[in-house]
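Student: Listed below, chain by chain, are the residues.
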Amino acid sequence: QKEVEQNSGPLSVPEGAIASLNCTYSDRVSQSFFWYRQYSGKSPELIMSIYSNGDKEDGRFTAQLNKASQYVSLLIRDSQPSDSATYLCAVNGDYKLSFGAGTTVTVRA
Amino acid sequence: ETGVTQTPRHLVMGMTNKKSLKCEQHLGHNAMYWYKQSAKKPLELMFVYNFKEQTENNSVPSRFSPECPNSSHLFLHLHTLQPEDSALYLCASSQDGPQDLRGYTFGSGTRLTVV
Chain A
1 QKEVEQNSGP
11 LSVPEGAIAS
21 LNCTYSDRVS
31 QSFFWYRQYS
41 GKSPELIMSI
51 YSNGDKEDGR
61 FTAQLNKASQ
71 YVSLLIRDSQ
81 PSDSATYLCA
91 VNGDYKLSFG
101 AGTTVTVRA
Chain B
1001 ETGVTQTPRH
1011 LVMGMTNKKS
1021 LKCEQHLGHN
1031 AMYWYKQSAK
1041 KPLELMFVYN
1051 FKEQTENNSV
1061 PSRFSPECPN
1071 SSHLFLHLHT
1081 LQPEDSALYL
1091 CASSQDGPQD
1101 LRGYTFGSGT
1111 RLTVV
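Sequences listed follow chains A and B, in order.
The first sequence begins at 1 in this note's numbering and counts up one residue at a time.
The second sequence begins at 1001 in this note's numbering and counts up one residue at a time.
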């Protein structure tokens, strides 16, 4: 079983819509969770972190965490063409940061 | 310079060559990492250094040899690589070790092609 799983996409959304990205993880003792954005040919950039069950909002981004279901998600509201990128879910457990393969998002103008 | 700097940005090497990747962080962080990123695959953790001490070697073949002379610099020495080693190699750092709640900061990566 993969440690961190994401739908690879591509996820295509119209400009102004909500993009919803999902991630599940296998390590029940994981305590911290991150979303990174990676533009093509660039390095991953941290955009959100979440540690407690519930929602965390930062601008147009909302991270949601459900530890009982081992599920973390990212919502991007009012999607813009500049949001087109690959979004990596990362989970900190067992003294290392493990990543999913990423979900590619394309925002159509 | 600020952040995490990696050199070179691109590297093409033959299977018999020896080369080194360099990473330098200007953030005052105490932990540094090497990750391998191949197309359509998750980032693979290769090595972890915490306060200059190697704390993780994730079953990496011996043709990859890390070196961490101080908490700001990290090298990855390469020799007799295989074509399947072609990938983006990313260096990252964090303030308080692998469990840092603030996550890791990544460098721009070295795109390695083995011919």
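Just so you know, the hints here were simulated from the structure itself, not pulled from any lab data.
No experiment lies behind these values; they were computed from the predicted model shown.
Beta carbons are placed, not taken as given, at the ideal position from N, Cα and C, and that holds for glycine.
A couple of the hints might just be wrong.
Sample of chain A residues at the chain B side, in silico, Cβ under 10 Å [said to hold, decoys possible]: (1) Gln6; (2) Ser8; (3) Ser12; (4) Gly16; (5) Gln38; (6) Ser49; (7) Tyr51; (8) Phe61; (9) Ser69; (10) Gln70; (11) Tyr71; (12) Leu75; (13) Asp83; (14) Phe99.
Student: Is the hint on Leu75/A kept, meaning its closest Cβ partner in chain B is under 10 Å away?
Tutor: 19 Å, violated
Student: Does Ser69/A pass the interface check with chain B, least Cβ-Cβ distance below 10 Å?
Tutor: 21 Å, violated
Student: Hint Gln38/A vs chain B: min CB-CB distance below 10 Å?
Tutor: Gln38/A check passes; min Cβ-Cβ to chain B is 9 Å, inside 10 Å.
Student: Using 10 Å as the Cβ threshold, decide whether Ser49/A counts as touching chain B.
Tutor: 6 Å, holds
Student: Just to be careful: measuring from the Cβ of Gly16/A to every Cβ in chain B, is the smallest value less than 10 Å?
Tutor: Because about 29 Å separates Gly16/A from the closest Cβ in chain B, which is outside the 10 Å limit, the hint is violated.
Student: Verify the interface restraint on Ser8/A: the C-beta must sit less than 10 Å from at least one C-beta of chain B.
Tutor: 7 Å, holds
Student: Using the nearest Cβ pair, does Ser12/A come within less than 10 Å of chain B?
Tutor: Not OK, violated: Ser12/A not within 10 Å of chain B, min 18 Å.
Student: Going by Cβ atoms only, is Phe99/A closer than 10 Å to chain B?
Tutor: At about 4 Å, which falls below the 10 Å cut-off, the nearest Cβ of chain B leaves the hint on Phe99/A intact, so it holds.
Student: Return the status of the interface hint for Gln70/A: holds when the least beta-carbon distance to chain B is below 10 Å, violated otherwise.
Tutor: 17 Å, violated
Student: Does Tyr51/A pass the interface check with chain B, least Cβ-Cβ distance below 10 Å?
Tutor: Hint on Tyr51/A: holds, closest Cβ of chain B at ~6 Å, below 10 Å.
Student: Was the hint right that Tyr71/A lines chain B, CB cutoff 10 Å?
Tutor: Because about 17 Å separates Tyr71/A from the closest Cβ in chain B, which is outside the 10 Å limit, the hint is violated.
Student: Per the CB criterion, is Asp83/A less than 10 Å away from chain B?
Tutor: 19 Å, violated
Of the numbered hints listed earlier, those contradicted by the structure are 3, 4, 8, 9, 10, 11, 12 and 13.
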